[in-house]
Structure formats: structure tokens, C-alpha cells
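Chemist: For reference, the chains in residue letters:
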Amino acid sequence: MGLVMGTFSMQSNKQDRTYRKDKIDDDFEMSIVCHRPEGLDKLEAQSNFSKRELQVLYRGFKNECPSGVVNEDTFKQIYAQFFPHGDASSYAHYLFDAFDSAHSGSIKFEDFVMALSILLRGSVREKLTWTFNLYDINRDGYINKEEMTDIVRAIYDMMGKYTYPALKTDTPKQHVDAFFQKMDKNRDGVVTLDEFILSCQEDENIMRSLQLFENVI
Amino acid sequence: MAAGVATWMPFARAAAVGWLPLAQKTMPKPPVDKKSRSDEILFVNVSGLRFQTWKNTLDRYPDTLLGSSEKEFFYNEETQEYFFDRDPEMFRHILNFFRTGKLHYPRHECIQAFEEELAFYGIIPEIIGDCCMEEYRDRKKENQERLAEDTEAENAGDAPLPPDATLRERLWRAFENPHTSTMALVFYYVTGFFIAVSVIANVVETVPCRPIKGSIKDLPCGEKFSVAFSCLDTACVLIFSFEYLMRLYAAPSRCDFARSVMSVIDVVAILPFYIGLVMPENEEVSGAFVTLRVFRVFRIFKFSRHSQGLRILGCTLQACASELGFLLFSLTMAVIIFATVMFYAEKGTKGTTFSSIPASFWYTIVTMTTLGYGDMVPDSIAGKIFGSICSLSGVLVIALPVPVIVSNFARIYHQNQRADKMRAQQKVRQARIRMAKKGATNAFLQHKEDGGLQDGDGDSTPLCVKNRSAFEHQHHHLLHCLEKTTNHEFTDEVTYSEVCVTDSVGFRTSRSTSLSSQQGATTTCCSRRAKRRAFRLANSTVSVSRGSVQELDTLHVTKTPAGTQYPQSRSSLNARTENLKLNCDDYTAAIISIPTPPANTPDESLPNSPAIPGILRNSRSSTFNTQETVKISSL
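Going down the list, the protein sequences come from chains U and P.
FYI, UniProt numbering numbers position 56 of the first sequence as 56, with every residue one higher than the one before it.
FYI, UniProt numbering numbers position 19 of the second sequence as 19, with every residue one higher than the one before it.
One or more of the hints may lead you astray.
[What the hints assert, rightly or not] As a list, the in silico BS3-like pairs of lysine-lysine whose alpha-carbon atoms are at most 30 Å apart:
| id | chain 1 | residue 1 | chain 2 | residue 2 |
| --- | --- | --- | --- | --- |
| 1 | U | K161 | P | K350 |
| 2 | P | K71 | U | K62 |
| 3 | P | K350 | U | K76 |
| 4 | P | K141 | P | K102 |
| 5 | P | K25 | P | K71 |
| 6 | P | K141 | P | K438 |
| 7 | U | K76 | P | K29 |
Derived by calculation from the structure, the hints in this document are not laboratory data.
So here's chain U without its partners, still in its complex pose (with noise of 0.2 Å):
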């Protein structure tokens, strides 16, 4: 009797094992894929940044991501640890697309360092236009509310559970609203490149905001 009962636990102890391995094997062959960037002065010529900027910056990328690529799930994690109060993981999501140029599933070197290099060092426009573009989730060149709602909410997400004032279910909606107050100019409920980058230009607020970002390395 016991003898039975001792097989049968040892019985389903390997297939658990047998079942992990298979997976680490997956996870293996999959860090394998390696990606070079392209030359340094290349780099340089094409992005905003100086050789050691870039240096520097290659060096961190290439010390969380060593096969050169980094694919949505540890881009999740890497933004998650600065927001350890709630949950980035949406806002991640759609981060990922807007830095994801070429719709490819995975951010390489490049992509990461011209995105990087107009948010930090562009013009207001292209500032605005690549904003505008991570706002406009199915690329379609309007934003409507639906699309506007769920950035909203994948930012309130980020803020966690334990706020104050306390989160209601309709805070992300009332934001919504207000934004499209200011944006949609002519009220057909969506709203264009032009509308953004016209409201935009007119709030006094955001012009200072976009500048206070310019020397974050």
C-alpha cells in the first residue's frame, strides 16, 4: 500500500520536472538572438546625443538586455520597478508601441536611442508629435475618447491603490473630459495632430513642463 502511494508521488514529481525544463529550454533558445547596433558615429549623426551620451546609454541598455533587444515583457518590468506603488504594466504597454517604431515586438538599440533622443532633445513639435503618436493608440491620426481613457487609466494605474485623495471610478473619465475641453477645438470628438499641437502650444503650463525636461542625462 505504501509502496503504491510512493510510486505514484514519485511518478508526479518527474513529470513536474520534465515540464519545467521544457520550459527553461524555451526561455534559453529564445536569449540566444543577439542584435548589434549600428555604428557609433552613425548613431551620432542621426540622433541629438554626443559619442560619450551614447556611450553611456549603451552601456546601462546593454547591461539589462545582453542579447541587444528587449522584448515588452522585461521592458514591463524595467519601467514596473519605478512605480512600485501600483501597477505601470499598462502604461508600459502602450510606452512599448510608441517606442516600437517598426511594430517589430521588440525595442532595438536604435529605436530606443531615437525616441530617447526627441523627447530629450527635440524640438517642442516633435516633442509633441511623438506624444501625440503614443496617445493615438491605433494610429489612425485621431485621438478619440476611448483611446485618451485608456492612457488615462494606465497612468492613474501607476499610481497604486493608496492615494490621497482616494481614486474614484470616474476620476480617469472627469480627466478625459477636461482634456478634450482643452484639445477639441472645433467639438467633433476626436482629436487631430493640429488641434494637439495648437492647444498644446497655448497652454502656458506644458510649455514650461516640456522644457525642465531637456538635461536628464
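Got chain U; can you put chain P on it based on the hints?
Modeler: Here is chain P on its own, set in the frame of chain U:
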């Protein structure tokens, strides 16, 4: 914490540009980085072995020695390097931790030395990666056990008692460690001797002696020499009772002693005698009384005080109880099955001994353990067939697994211990890592509380604000931007649950985190703390206990001084109970610190009813680990 991905901080901050159009308020100013931004290579000299690394690598973990400003203490100006007089071999692993984010335990190193190095460099061992964690735990446990044995052996009795030990302590000592004094040793041997005597007497008194004159039947010696034996028994019981009472008196914790196994054995050994004394010479009860005398044999267990081996055996049996229980259970199953089968197989036979299923149990057990007494034998063919199956399966069920089980005892026992310990340790480990993480997340809240987020000039604050790395500044700035975008603030669980409670009850509590963000340039954290201290000193009748017991006093409410104009948006309470901008002359405030979540009280009523005693004001001064101030104003 995000320290491991410190190098991605620029990316995270750049991504914050995406929040800007949504923000309803202006973003706060980013921290000014006074140091040069370019990365440099640092030289670290550890006992002659020179290491070089990027400064950024070390800055990844700002709460370690190498990542914080603590390393400046080791900077050597002449050679322009950091010199540590420590083990260079170990330093390699420490530095690899900074480089890769994973701490590995070198198997050939001594565990104590490794832990000391970790403690020196400010790294907690819980960070050790999963690849090396089990090895580390095993070695550590082994080491601890060995050390514990050594210290136990040391303390086992040879350390002399302090000279002012009471009689009780000395007595207890003598009982527990007999070789400490001659008297104790004598007592030890005497009791041992009497235990032996008592057991032998119990045995001998049943041996048949030659009959007394005039009788044919053999008498057991107990009855022939009944006087002698009863005298012996009485003497033994007296000595045992005396010993038990002395132990009870000397025991440091009488309840624990009374509950311990040894004392139970003692009691059981001497109880029959006393019961016999008080019981009347009744025929019916004397039968039961005789049964009680059986318990006298338990005196033999008293030897376990004298024998280490018996104690170990007892412990082992106790530990392997589950395995033994399982063996018993499977045996019982087999016994029941075969007994049933044999009973029904033998039912037809005339005059069969298998009168019932319980009666067949005896047959089954005797057959399965291959004893085969032969007092019960099957007659029918079916019975013989099943009987042979029973004896064969008996061999399988009992004889085969027994060696396997015996050898499994040690393995399963140790395995279970390790699994349970690992599970418990895993929980503890995760809890500690979570706490360290929480410490980091709460660092932001703490930073806010300290007034680090003021938009005013940074000149007035630096002395108070804890020294933070550039990375922490940037991270806090990032979180502050998020707060501004969403127009909500980060809090911790306690405040949040409080606020929920008060919201539901309809009252509002004042929160000085909102205060801090309103303060702006008017008060610095230093001056705020100073004022709090002043308040505390002002009222001497109220005792302040920091982080300990709640103490409340009768409280009187003051009328709040007029003219406190303080524009704020969060709660009107702030304006009325603003205690920081007011002069001490207007009223003396007593502040009591309460560590536990404070009661929420009706705040609005306070200024309007000046004479209500005993109302507790709740004004949280911090969200988590500094004291909470409860403002009670007195007229």
C-alpha cells in the same frame, strides 16, 4: 528597488514627457545635479588588489557602503583610490553583485567570513540569488548547529553560578546538571539506585518462592515476604515523592515543569501508591487498584533522566511519528481486509475459531507478521487459500517496506525539516526583501514629509534632508511628476484606510502631508520639528512616549486663535488647526505621540466647542515611521 535599473532612469524620465499634456498642474522642477554628469572610472584597492569600475555601477545600490557617500571615508587622497583593508577574494564577489545585480555565494569560502564581508559592505544576505541560496542556507544552518552545540556543551553545567544565586537556582542547577557538585552527584546516583531497586522489586515479587510451611502451592515472593516488599515499595515511593517535590520547588517555571514529560512520568510512578493508601479495602475497587500497580513499571522510564540515549530514542520516535503512523495505517487496512475475508471464508466451518471479524484480527496479525502461533487455523479450502495469500502479503506489506522505511526515516525526516524550514525561511526572506523594498517606496513618502519637494529655493532645506544620491533625487522627481499629472498623491496603506474610514463616517482628518506640500517656503522641516519639540516641552503634564504606549490625558480644547488665514484646498481643518504658523503665546499645545493608528474624531466640532474635554485630535505628522502627533490644546 529600481536601483538595479538605475541606468534606465533617463528613459523613465523621458517617458514622463508623455504625461505632460494631461497634467493639470505644472511639473515640479527637476533636481539640480551639482556633480559632473560624466561617468568616471573609480579605482578600488582592496588589500593591494586593484579593481576598477564605473562610478555608475557602484551607484546602482545607494544603500550599500560602496554606493553611498560612506566610501568617501576610505578615499586615499595621495593615490586617488578607495582603499579597503579587507579580503580581496571576497571583494570580487561583492563587486560582481554591483555589476550583475546578483549575489553569488562562493562555495569554498567560510560562511562566517562571507557574512562578515556582506555586513561590512552593507549588503543583506537575502539578496543571494536562487542559484546559490540553498547552499548558503545549508552551510549556515550547519554552522549554527555546530556553534549551538559548542555553546550548549560549554553552558551545559560547567559554568559556575553567580555567587548570589538563590537556593532555588542552586537546587535546580543540581538537579539538571548533577556533576556540578558532589551532593548533586550523590543524589543522582541514589535516585538511580532506588529506581533500579524499585523496578527489580516489582519484577521479583511475582517470582514464585518456596511455599511456607504447611502449604503446597507455590507462592509468589511478593506474598511470602509481603512486609519486606511493602516496606521497600514505601521507601522508594517516599524517595521519589521527595525528589519530585524538590524538583517542583526548584523549577524556574512550575507550570512548564508540571507539564513536562519527565514530571508526568514521575507522577504516574508514585500515584498508585497514594491512591492505594486512600482507597478502602474494598473487593471491587481493589481489582482496579491492582491495575494501577501496573503503572509502577513506568518507574523504569525515570532512567531516561540518567540516560542520554533513551532521550534521543524518544525524540527520534516522536519525530518519525508520521512515518510510523502511516505504516500502522496501511497495516490496519490490510488487517481489516484479510480478517473480513477469513471470517467469511471460515463461516461455514463447524466449530471454527473465527467467531467474529475482530476475532479474526488476531489471526491476520499473527499470520502477516509470520509469527504463526497456530491457535487459530483455517479449515476450509477457501480459508486456507486466503490464509496463504494473507501470509504472503504479510511478508510484502511488513517485511519489505520495513527496511525501506527505516532508511527513509532519516531521509524523509531531514527532507521535511528542510522543506518546512525553507518554506518558512522563504516567507521570512520575502518579507525582508519586501520590507527593504517598502523602505525604498516609502522613502518617497518620507522624502515628501521631510519637505524635500518644496518648490522654493533649496537653500533652506539641505541640513535636514537626508543625504540622497542623485538617482534617488531623480526617482523622487519622477514620482512627483506623476502625482502632479494625476492630481493625486501617494500615501501608504495606513493613511489610506484611515481616510476611507473617515470619509465613510463623514469626517475629515487633517493630514500634514498635505500640510507639507502647502508649506512651500514658509517653514522648513527643521523649523517644523523644532516647533513640535517646543510644544512638547511647553506642557509638562503630558508625557510623551515615542513609539510606545498610548498615553492620554484629560484634554481641554482651546479656542483657536483667529486670523489664521491659510489658503489650501484639501481640508478646511488645516486652516483651523494650523499649529505651525501660530505663536506659542496664544495657546500651549500638548502633543502626545501615539504609535498606533489614531482614532478619528469629529474635527469640525473642535473649534466650536471649547470646553469639551477628552477629545482627541488626530493630526498625522508622518505617514509611516516617525511619530504621530496628536494635538491637544489646553486653555
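Chemist: Kindly indicate which numbered hints from before are broken by the structure, ordering the numbers from low to high.
Modeler: 1, 3, 5
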